[in-house]
Amino acid sequence: MRRGGAWLTFLLTGCNGYQNAMGGDGAEGANFIQLFSVFMVVCTIMYVIVAAALLFALWRRRSAALVVEDRKHHQTSALVRPALFAWTALIGAGLVALTIASFFTDRSNAAEGSKPQLILTVTANQWWWDVEYNLPDVSRTVRTANEIHLPVGIPAEVTLKSNDVIHSFWIPNLAGKQDLIPGRQTDAQLLPRKIGLYRGQCAEFCGTQHAQMALDVTVESKEDFLRWYAAQLKPAVAPANPQQHAGYRYFTTRECASCHNISGTPASGQVAPDLTHFASRRSLAAGALPMNRGNVYGWVADPQSLKPGSRMPTVGLKADELHSLVAYLETLK
Amino acid sequence: MSLRFRNSLLALGLVAALTGCDREQRQTRGKPLAETVPASTSPDTVFPGNANVPPSDPRAAVYEGNATAISEGQRLYNWMNCSGCHFHGGGGMGVALIDDKWRYGGRIDQIAATIVEGRPNGMPSFRGRLTEQQVWQLAAYVRTLSGQARKDAVSARADEVSNTPPQTQTKREPLTPADSAEQ
Amino acid sequence: MRRSTVAIVAVIAVLLVAALLFWTSRQNSGPDLSTKQFAGPSSNKVIPARSASPPDDGNWTMPGKDYASTRFSALNQVTPANVGKLQVAFTFSTGTTEGFEAPPLVVNNTMYVVAPWPNNVFALDLTKPGAPAKWTYEPKPAAAAKGVACCGPVNRGAFYSNGRLFMNLLDGHTVAIDAESGKEIWRTKLADINKGETMTMAPLVAEGKVLVGNSGGEMGVRGWLAALDAGSGKLAWRAYSTGPDKDALIGSQYRAPYPSDQGKDLGVKSWGPEQWKIGGGTVWGWISYDPDLKLIYYGTGNPGPWNAEQRPGDNKWTAGLFARDVSTGQARWFHQGAPHDLFDHDDINETILVDWPAPNGQRIPALLRPSRNGYLYVQDRRNGRILSADPYGYINAYKGVDLKTGRVIPATDKEPKTGRVVRNICPGPPGMKDWNPSAFSPVTGLLYIPHINICMDMGAKNANYIPGTPFVGADVKMYAGPGGNRGVFTAWDPVARRKVFEIKEDLPLWSPALATAGGLVFYGTMDGWLKAIDGRSGKLLWQFKTGSGIIGQPISYRGPDGRQYIAVPSGVGGWAGAIVSADIDERDPTAALGFANATKDLKKRTTKGGTVYVFALPQ
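As they're listed, the protein sequences go chains A, B and C. The opening position of the first sequence corresponds to residue 1 in the numbering used here, with each subsequent residue numbered one higher. The opening position of the second sequence corresponds to residue 1 in the numbering used here, with each subsequent residue numbered one higher. The opening position of the third sequence corresponds to residue 1 in the numbering used here, with each subsequent residue numbered one higher.
If you're looking for bench data, these hints aren't it; they were derived computationally from the structure. For each residue, glycine too, the CB sits at the ideal point set by N, CA and C. Be aware that one or more of the hints could be misleading.
Calculated pairs, DSS-like style, for lysine-lysine (alpha carbon to alpha carbon, straight line, at most 30 Å) [said to hold, decoys possible]:
#	chain 1	residue 1	chain 2	residue 2
1	C	Lys604	B	Lys101
2	C	Lys85	C	Lys608
3	C	Lys269	A	Lys115
4	B	Lys101	C	Lys600
5	C	Lys277	C	Lys183
6	C	Lys195	A	Lys318
7	A	Lys234	C	Lys277
8	C	Lys277	C	Lys414
9	A	Lys333	C	Lys277
10	C	Lys545	C	Lys399
11	C	Lys603	B	Lys101
12	B	Lys171	C	Lys603
13	B	Lys171	C	Lys45
14	C	Lys417	A	Lys115
15	C	Lys603	C	Lys134
16	C	Lys417	A	Lys333
17	C	Lys134	C	Lys269
18	C	Lys414	C	Lys45
19	C	Lys608	B	Lys101
20	A	Lys234	C	Lys195
21	C	Lys504	C	Lys545
22	C	Lys234	C	Lys189
23	A	Lys115	C	Lys414
24	A	Lys177	C	Lys417
25	A	Lys234	C	Lys545
26	A	Lys234	A	Lys222
27	C	Lys264	C	Lys45
28	C	Lys195	B	Lys101
29	C	Lys140	B	Lys101
30	C	Lys195	C	Lys140
31	C	Lys417	C	Lys277
32	C	Lys604	B	Lys171
33	A	Lys234	C	Lys246
34	C	Lys45	C	Lys604
35	A	Lys234	C	Lys269
To give an idea of the interface, some chain B residues facing chain C are shown, with a C-beta separation under 7 Å as derived from the structure [to be verified]:
#	residue
36	Pro58
37	Val62
38	Phe87
39	Pro120
40	Asn121
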């Protein structure tokens with residue numbers, strides 16, 4: 001019973017709703033599942049036939065094999081030739097069926113991705129995602145980090161770039177993987193079909209913290225998306241009380257501003273995640289930790305113990321500096 | 001025991017010994033100390049009567065020639081805009097770092113002090129803008145620009161428009177100490 | 001006809017067409033620079049704008065000689081016939097060895113020498129033999145400013161007006177000095193070196209306003225032009241080069257000549273959010289002034305960072321030419337020479353104000369603009385409409401200028417991309433011509449342009465912004481363009497729109513030009529030769545090797561004894577000469593923003609200096 005229980009858990013680990021390659025919540029994902037089913041059916045049939053033939057060959061009495069070569073020509077069974085023809089025809093038919101299914105899947109993916117209405121640029125860094133929404137009006141660009149919001153049913157095209165090594169962009173529920181290669185631009189098409197929260201992951205080993213390089217994907221209705229976008233366009237909330245002011249002062253004059261950007265403040269570093277609306281995100285450190293006060297404290301105080309090797313240094317803050325910084329960061333909704 | 005068994009045991013032991021050899025420690029956290037480089041590090045000065053010469057900073061041994069520190073320093077050199085003034089060591093707004101002329105001292109602790117304090121002819125002060133560990137990583141990298149570090153510690157290539165030979169091929173020149181205490 | 005005849009005729013026709021296509025394609029692949037002399041100048045001449053170029057009194061009171069920026073001296077004692085006898089009259093050493101760009105000013109028999117950092121000014125008494133100094137002014141600007149001056153701690157000159165000298169200090173102050181005594185009258189702080197700002201340009205004083213601008217386009221600085229009251233030094237107005245219309249002083253008077261420059265708050269809308277605050281557009285070059293229209297003309301610098309992928313949009317109002325009302329600063333028109341600049345093609349070059357002969361016989365108030373992007377624009381200076389735009393060197397970064405929209409047509413294969421190296425982009429970052437201004441001679445009707453022939457490889461990378469540090473995002477390597485010569489001296493006929501002659505120079509030409517009524521043109525080379533050429537033919541008539549490379553303005557004045565003198569500052573430096581003045585190591589080709597590779601041999605050919613040489617004919 002215990003062994004059976006273990007196997008069951010093993011089977012179920014691949015089936016989290018929010019990071020599930022068989023989720024089929026996006027157009028490409030759904031197409032993939034359809035194609036996968038066709039392949040499974042055809043290949044299962046072929047497998048069963050081959051297995052049956054093998055078993056038959058093993059089981060058949062071996063008496064004929066003990067006959068020594070007696071220099072006489074023995075006619076082969078009358079069934080062999082038609083059987084070979086039938087078998088080849090079956091294989092041919094199966095392959096043709098798979099090719100046709102694959103062709104139609106590709107065509108469907110291409111058609112759905114051909115007229116994107118939303119354009120994003122995702123730049124992968126070690127070990128976080130820089131997400132930018134590109135509108136024709138460049139002054140309404142939104143820049144965020146480690147999260148993507150998508151309106152349901154609207155095709156989006158994601159331009160993929162990398163600032164350092166090869167990463168891979170993978171939101172299992174929505175679509176397949178696409179590499180982000182430094183010095184090149186690749187792209188991926190996303191057409192989410194179901195509202196929900198999903199998780200994306202870097203799928204190409206990219207260094208020490210490859211395992212903690214995740215993406216929060218939120219698929220929502222068009223109205224919710226526009227509301228979120230309008231909120232993201234606003235510059236950062238100004239500090240309201242002395243403690244937040246102290247945090248703001250520390251952030252904009254000390255180490256934080258050397259790397260991070262908060263719109264509307266003098267901090268304009270370009271090499272680390274944009275923190276303008278940091279507190280509105282579901283997780284921090286690229287999905288490593290859920291967003292809550294304790295984790296923010298822990299991350300700001302000592303990121304190297306939570307994500308060792310990541311680019312954010314442990315600063316060695318004093319207690320009051322830590323309190324004011326977290327107080328300020330929590331206002332950045 | 002049989003010959004084959006003994007040889008296999010020896011081979012296994014050799015492999016275990018080699019893999020157990022950590023060549024260097026990778027320090028991800030550094031020591032969160034107070035953010036100053038000791039004031040006793042002086043660029044180049046006269047110590048009257050050779051007295052009161054400050055001792056060597058213990059951190060120099062930790063960071064000097066440490067491959068992780070050098071590679072982090074290489075990244076920070078671009079991120080913190082050192083390359084904007086010093087380029088890839090040739091200089092511009094800032095002095096050249098690939099030659100053997102040092103205005104303010106070329107030891108790793110002197111370079112770290114220069115980064116933290118700034119210098120009178122335009123080197124900005126990065127005190128409070130970089131952590132102490134980042135400063136020492138940068139100083140370790142700057143030392144490699146003029147060939148001061150071991151060949152197996154420096155980066156073998158850089159992805160940039162530079163077309164200078166890789167640092168592993170840079171001529172290793174010993175530093176002429178500018179500090180009068182060392183002469 | 002027989003089939004074979006038809007075939008033969010068809011083959012010949014095809015060969016003829018092929019030959020024609022081949023010949024025309026060679027024409028369009030870039031100007032043919034191999035011949036030295038082209039057709040002679042046209043007879044229908046351009047003349048300098050009259051109100052902006054008064055008759056020459058033998059003095060040199062402003063860097064451009066006059067408000068029209070002609071850099072033309074009406075003195076004609078030295079001619080092609082006797083220039084061979086030109087000899088040194090006296091020299092003066094400033095004691096500094098940074099790049100020496102400022103022209104000496106001569107007023108009331110006093111020569112004012114303006115040195116690069118530490119920006120000392122010397123007043124030399126020309127009536128006494130050897131021109132000893134009457135006074136020295138030592139402003140003591142902060143040495144730390146040298147760390148944020150991208151291209152040498154230079155100074156492009158002072159301006160004499162009403163008994164005062166006006167100049168900028170490297171650390172961001174503008175000062176007024178009494179010309180008689182050398183005492184400082186006022187000092188106004190305008191720029192902050194902790195943000196990466198410096199001031200290097202020469203002011204222009206007109207209608208009681210001192211017009212000055214900042215430097216720092218490579219440091220993430222927001223550019224501006226300010227007007228100070230000449231009497232008190234108080235700020236009268238400041239026009240920013242980026243940001244909302246109220247900061248850029250764009251109001252009801254503004255009419256852009258082309259639709260893409262007209263709109264509300266384009267200085268915000270043509271950038272990503274907040275990027276205009278660190279967007280560049282510094283005003284570090286030349287200003288011309290039309291006293292009739294009461295308009296000043298000046299260009300804005302490059303947008304920041306150099307990596308254009310980080311700043312989508314047209315990036316107004318950087319890399320373009322502004323016309324503003326001198327008293328209020330309100331913009332009249334703007335034309336962007338490099339929208340969404342990809343190659344550091346600032347637009348701060350000089351504009352020479354001329355009266356242009358229109359086809360119907362009338363004269364159009366116009367300006368000549370040898371732009372950094374390689375096109376020589378002739379524009380109507382009342383409204384900015386382009387009358388012509390022609391390349392004056394080899395360009396492959398742009399395909400041409402669309403005269404309907406006024407925009408350059410970019411060559412998409414030369415667009416730099418982050419993480420990649422794009423090779424062989426011409427012209428490179430210093431452009432077809434950098435800051436060093438040309439001279440216009442009304443005698444020959446030609447524009448004399450000292451410029452460069454430099455291409456680059458550019459690798460773009462993600463630039464990080466830390467105030468007071470560079471905000472560039474590019475690794476650049478420069479080298480000579482087609483032909484192998486790094487410098488070119490061009491004589492251009494603005495009416496016929498072509499070169500009349502051209503002189504190839506091995507080293508880049510970084511010195512301004514001087515034209516004289518005697519029919520001579522003077523310019524200096526980076527290894528120290530001051531050259532005099534015939535203004536009509538380009539023939540070299542005289543040259544003299546000074547102690548250091550010449551990157552400063554030669555001038556001509558009438559001395560107390562009535563003789564014509566030629567004076568030139570000699571002291572290599574600036575961006576092109578940084579390898580010598582900043583002791584750069586040439587083993588790193590990306591040093592000095594890529595110029596180290598283009599001037600690798602300069603250390604062998606010249607050394608640092610800081611001396612004014614003055615020449616005259618023997619008595």
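To see whether the hints hold, each was checked on the structure:
no. : hint                : in the structure
1   : C:Lys604 - B:Lys101 : holds (19 Å)
2   : C:Lys85 - C:Lys608  : holds (28 Å)
3   : C:Lys269 - A:Lys115 : holds (26 Å)
4   : B:Lys101 - C:Lys600 : holds (19 Å)
5   : C:Lys277 - C:Lys183 : violated (37 Å)
6   : C:Lys195 - A:Lys318 : holds (28 Å)
7   : A:Lys234 - C:Lys277 : holds (16 Å)
8   : C:Lys277 - C:Lys414 : holds (28 Å)
9   : A:Lys333 - C:Lys277 : holds (23 Å)
10  : C:Lys545 - C:Lys399 : violated (40 Å)
11  : C:Lys603 - B:Lys101 : holds (17 Å)
12  : B:Lys171 - C:Lys603 : holds (22 Å)
13  : B:Lys171 - C:Lys45  : violated (61 Å)
14  : C:Lys417 - A:Lys115 : holds (25 Å)
15  : C:Lys603 - C:Lys134 : violated (35 Å)
16  : C:Lys417 - A:Lys333 : violated (33 Å)
17  : C:Lys134 - C:Lys269 : violated (53 Å)
18  : C:Lys414 - C:Lys45  : violated (38 Å)
19  : C:Lys608 - B:Lys101 : holds (18 Å)
20  : A:Lys234 - C:Lys195 : holds (25 Å)
21  : C:Lys504 - C:Lys545 : holds (18 Å)
22  : C:Lys234 - C:Lys189 : holds (10 Å)
23  : A:Lys115 - C:Lys414 : holds (28 Å)
24  : A:Lys177 - C:Lys417 : holds (24 Å)
25  : A:Lys234 - C:Lys545 : violated (62 Å)
26  : A:Lys234 - A:Lys222 : holds (19 Å)
27  : C:Lys264 - C:Lys45  : violated (40 Å)
28  : C:Lys195 - B:Lys101 : holds (29 Å)
29  : C:Lys140 - B:Lys101 : holds (27 Å)
30  : C:Lys195 - C:Lys140 : holds (20 Å)
31  : C:Lys417 - C:Lys277 : holds (23 Å)
32  : C:Lys604 - B:Lys171 : holds (23 Å)
33  : A:Lys234 - C:Lys246 : holds (21 Å)
34  : C:Lys45 - C:Lys604  : violated (43 Å)
35  : A:Lys234 - C:Lys269 : holds (15 Å)
36  : Pro58               : violated (29 Å)
37  : Val62               : violated (26 Å)
38  : Phe87               : holds (4 Å)
39  : Pro120              : holds (6 Å)
40  : Asn121              : holds (5 Å)
In the structure shown, a violation is registered for the earlier hints numbered 5, 10, 13, 15, 16, 17, 18, 25, 27, 34, 36 and 37, in ascending order.
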